[in-house]
Amino acid sequence: MSAGAKWSVLLVCLAVPIALSLTSPLLQWRDMIYIISALAGVIAMSSILLQAVAMTGLLPLDQARARRVHRFGGMSLCALVVVHVGGLWLTSPPDVIDALTFKSPTPFAPWGVVAMWAVLGSALIAVLRSRTLLRWRAWRRAHLVFASVIVVGTIVHAVLILGTMEPVSKYGLSVLVFAAFALAVRRSLCRHGV
Amino acid sequence: MSKMHTTRRTVLRKGAILSLSAPFLSLGSGAAAQALTPTTTMRGGSNNYRPGAPIVERIGGGGFWMTGTVRRASDGAPLAGQRIQIWAHTTEGHERDAHSHGATLTDAQGVYRMEMPQIVPAFGQAHGHLAYDSGDYQTVFLRPLMASPTQTSLSADFVLVEA
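Going down the list, the protein sequences come from chains W and Y. Going by full-length UniProt numbering, the first residue of the first sequence is number 1, and it counts up by one from there. Going by full-length UniProt numbering, the first residue of the second sequence is number 1, and it counts up by one from there.
Calculated directly from the structure, the hints in this document are not laboratory data. Check the hints yourself; a few may be wrong.
As the list claims (entries may be wrong) - If the Cβ cut is set under 10 Å, some of the chain W residues that face chain Y in the computed set are:
(1) A64
(2) A66
(3) A79
(4) V96
(5) S104
(6) I161
(7) L162
To be verified - Among the chain W residues that face chain Y by a calculated CB cut under 8 Å, a handful are:
(8) W29
(9) D31
(10) P94
(11) D95
(12) K103
(13) P105
(14) T106
(15) F108
Computed from a prediction, not measured in an experiment: that's the story for all the values here. We put the beta carbon where it would ideally sit given N, CA and C, even for glycine.
From just these sequences and the hints, can you work out the full model?
The structure is reproduced here in structure tokens:
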């Protein structure tokens, strides 16, 4: 596959779930803040696909560039999670407080909250590592644990929600995220061991 | 969490069966009086509650029905004239909006029926909110789920304990 074709396929996989979520009939009954916060969640899930794919070695990028993409994707993911949770908080504070304190009646809430903490944890250890407060091997293990929690937590969170995502694209994106993550982990383990 | 989900659905199913059979059960017959298990407040039931919602003919334009029964736990007697407050995210507004809230009274058979706009999924589930919060009995907040977002009615029953 040519480089252009690879980028095109990735772009379609990232964009289709986002575009279809913008056609959800639920949007007509929501105000702008609620629409933006749900959209931020969908874009965040797509960005997790980008994160995983960047580490599979499948993209026509050298290692340094792939890392740069991954770093940019990680920072975007943090910002998207903040917009997602913050926007939901403004829409319905008691529902978000219930979710954050693990008292929500919705079964998907704790999966999302745990994934959120894993995203923030990944950001924290990235900062610690850049200040050489964390050794590479310890950072890598922690990063892999956080990444696993983010991937599994996000997929379960999304699948259980009756929301703006179009179902087929939601399941498709879930499969792609999991497959790309599995490939990235396998590559990492082959290269560096546990 | 999935276990709790199942449990709540089971409770709802039972509630639905009860309210379906309610018209045929003749709730008022004193001979059949027996104690009932009190309804407990559901998780998240009081979210976006606005105390003192006005008693209204219907909420907004209507088209969707919230129904149920209100009975006394000690002897199962139907409770007439009880105020039930209802709110939800509908085609006409968010849960927090005052115009999404309204209250109605139970009839002589302890049955309430409120017409309201179509409930639409919000915060990941299609659900309604109900409150009994009038003081004579202990306060109960319910948050029943719709099995499908295309449903045009939802039922929730109250079994109240004297305050």
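So, going through the hints one by one against the coordinates:
no. : hint : verdict
1   : A64  : violated (40 Å)
2   : A66  : violated (34 Å)
3   : A79  : violated (22 Å)
4   : V96  : holds (9 Å)
5   : S104 : holds (6 Å)
6   : I161 : holds (4 Å)
7   : L162 : holds (5 Å)
8   : W29  : holds (5 Å)
9   : D31  : holds (7 Å)
10  : P94  : holds (4 Å)
11  : D95  : holds (5 Å)
12  : K103 : holds (6 Å)
13  : P105 : holds (4 Å)
14  : T106 : holds (5 Å)
15  : F108 : holds (6 Å)
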